[in-house]
Amino acid sequence: MNTILEYSHVTKQFGSMHALYDVNFTIEPGHIIGLLGPNGSGKTTMIKLACGLLVPTSGSLTVCGEPVGPGSKARISYLPDKNYLSEWMKVSRIIDLFHDFYDNFDRNKSYEMLKRLNINPEQKLKTLSKGTREKVQLILVMSRNADLYLLDEPIGGVDPAARDYILQTILTNYNENGSILISTHLISDVEQVLDQIIFLKNGSISLQSSVDDIRENHQKSVDELFREVFQC
Amino acid sequence: MAWQFDNERPIYTQLLEQIRFLIISGLYPAGSKLPSVRDLASEASVNPNTMQRALAELERSGLIYSQRTSGRFVTEDGVLIKQMKESIGKEKILTFLHEMEQLGYTAADSVVLVEKVVEEEIR
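Those protein sequence lines, which keep their order, are chains B and W.
First residue of the first sequence: 1, per the working numbering; consecutive thereafter.
First residue of the second sequence: 233, per the working numbering; consecutive thereafter.
Source of the hints: derived by calculation from the structure; they are not laboratory data.
Heads up, a few of these hints could be off.
The list that follows gives simulated cross-link-like pairs (lysine-lysine, DSBU-like), each with its CA atoms no further than 30 Å apart [unchecked claim]:
id: 1; chain 1: W; residue 1: Lys322; chain 2: B; residue 2: Lys220
id: 2; chain 1: B; residue 1: Lys220; chain 2: W; residue 2: Lys324
id: 3; chain 1: W; residue 1: Lys317; chain 2: B; residue 2: Lys220
id: 4; chain 1: B; residue 1: Lys126; chain 2: B; residue 2: Lys82
Everything numeric in this text was worked out from a predicted model, so none of it was measured.
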């Protein structure tokens, strides 16, 4: 039983609208997977289902062989696409909070990353810029020793230099037994860090491939293929 | 060294070429130990699985070999490295000759021009 995450015939409807339709997909350990698709294609819905924040209309999901629930939440480290931390809290207090909440949280790791990105742990969240807040959230998520990291738009608001450091952090922090699913629009920035990609189109998986297979078969990067496939 | 990748070709082939270059140019000398997959991947900012694939290809070509417990090493076969160097040199010259041909130079004209440039450089 090696599969970390499995979607089996997962459909999610919001009213009469299909956000996801009959999605089948598995994540094996040791991969960094890009979840790519235009706005409204179902990326966030897919991630939220795996976190148990949404329940599928039909079909089922398992995390490490078990249904989504408290057990699976302990294994998953999730970066939402929104800020959910309390604005009045100091960064150091939030780190304490995470440390209390999660057994697998590594406090030293988070302080190390804060230092590298020149973030003062004694500052309150509301005094930080948007990009810096995003960095704090990502640090919190990557400081957990999880089996699966679900990162919803992790680098959207951060500057290119910090982006490089964050990708580096993602590369060095994940272990061979874990996997990372990253949803992003900044494909060319993350392309070389990924080994597999999924294209999501109107709630269905339209392509699932390794990055190098795309380059080999199309003689173009994933970024270029995306622009071609989803041309407006 | 900065690792650069173009968009048209698989990343693992480009990694393979760049590591081969490091071996041929002597930065990773014959018989020396290579950094771990993880360290190499981190240095090049690429996925470790992609780096793994590049190293596996290099192993197949004989340029590096792995020892079960102690990691990967550059071959001690100096002749093989030399051959590899020559074949890459030849490839570069063919590309150059092809470009010159498009400029209207025959191979012989190109050689004359190369000699002229080399002479000027020395002076």
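Now for the hints, and whether the structure bears them out:
Taken as a hint, the Lys322/W and Lys220/B pair is honoured in the structure, with Cα atoms around 27 Å apart against an allowance of 30 Å. The suggested pairing of Lys220/B with Lys324/W holds, with an alpha-carbon distance near 23 Å, which does not exceed 30 Å. Between Lys317/W and Lys220/B the alpha-carbon distance is near 28 Å, which keeps this suggested pair within the 30 Å criterion. For the hint linking Lys126/B to Lys82/B, the alpha-carbon distance of about 15 Å falls within 30 Å, and the restraint holds.
Checked against the numbered hints given earlier, the structure satisfies every one of them.
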